[in-house]
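Count along the sequence shown from 1, add 292, and you get the number used in this note's numbering.
It should be emphasised that the hints constitute simulated quantities derived from the structure, not laboratory data.
Ideal placement from N, C-alpha and C gives every residue a C-beta, glycine not left out.
Fair warning: there could be bad hints in the mix.
[Stated by the list, open to error] Heads up, simulated BS3-like pairs for lysine-lysine below, C-alpha to C-alpha not over 27 angstroms straight-line:
| # | residue 1 | residue 2 |
| --- | --- | --- |
| 1 | K422 | K536 |
| 2 | K527 | K323 |
| 3 | K486 | K323 |
| 4 | K323 | K390 |
| 5 | K486 | K390 |
| 6 | K553 | K422 |
| 7 | K543 | K527 |
| 8 | K543 | K337 |
| 9 | K323 | K478 |
| 10 | K553 | K543 |
| 11 | K390 | K337 |
| 12 | K560 | K543 |
| 13 | K478 | K543 |
| 14 | K536 | K555 |
| 15 | K337 | K534 |
| 16 | K483 | K323 |
[Claimed, not checked] Now the in silico label distances, taken between C-beta atoms and shown as ranges:
| # | residue 1 | residue 2 | range |
| --- | --- | --- | --- |
| 17 | F482 | R313 | 42 to 52 angstroms |
| 18 | A395 | E447 | 18 to 28 angstroms |
| 19 | R313 | L455 | 27 to 37 angstroms |
| 20 | E389 | S338 | 16 to 26 angstroms |
| 21 | E341 | R313 | 38 to 48 angstroms |
| 22 | I574 | S456 | 40 to 50 angstroms |
| 23 | A360 | D573 | 28 to 38 angstroms |
| 24 | E316 | L551 | 41 to 51 angstroms |
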Amino acid sequence: MFESIPQDPETYQNVLNVEGRNQEEQKAALKSMTVYRVMRLDHFKSWCESNQNVLVPVDWWDDPWERALFQNPINICDAFSLDPTNFKFYGQCWSLEKEESDATWRIFKANDSQCIRVGVNAWDLYEHFKNNCDELSGEGYSLHSCFAGLVKYMEENDIVKFLSTSHFEDYLTNANSSLVDTLFIKRSAFKHEKEFRLVYYYATNEALVEVSSIPSNLCGNPVHVFEPDGNDLIKFDFPISKIKSVTIGPKITHCPCELQKRKIECDKLISQLIGMGISRDIISISSIYDFPELNLNF
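Could you put the whole structure together from the sequences, leaning on the hints where they help?
Below is the structure:
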């Protein structure tokens, strides 16, 4: 599932690394996937209030390997230079891993934030993202698009080789290459994450540098660039009715009084979630740190 798959015009060209010889097969593959994301409770409340999902700049990602191509100028057709920092990319990371992860919960625990784990259908996520894409910054711009797909995991030397042989010319002629592809690869050390990502991008008028004016075409391809509203976040409509599961984050404690306090907190949070429009049927409480009562006889 994580291998590159040759695509023909009948596939979704902005769906990366998902099996399927045509759109129906890709759709079936996405419909079979449930993806999960851990988020802070206050962020989830904002989602419930607005029915909008939020993508953040990929500059916020911690791992420099995930945005390596954006740190140096890129030569275009031996004629122009491109400054990748003026290509604005936004992303959101989900996981195919159904089982809870101690490591993921602890990341949010370290920030002392109440957190939850949300599960949605990958096709629902992609369809709403795609349908909203042209409304985000305007229709008809070739340097503006949205992508979704599975992350490919590679060894570090293979990533270096991939980056050194990527060309912007390929990107202009094939949507599934170069700049966008680099945001769907990650080091093999993280393959346990089984990531599914959404990526949106646009180009500012400063993207092309060392030229007095924007050329009408580049490498034989028409170029249309524009200046969006400059928001730091990208939002798209995604109704909370499409959410399949909500898991309340765990709390590491073994003290009986703390366990009772935890139960009261969870009951209160469940009531809040129901008040925000989440069905009680899809709400659960993480039991990853629960320890069963044992009767041990020696």
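So which of the earlier hints does this model not fit? The structure breaks hints 6, 7, 13, 17 and 23; every other hint is satisfied.
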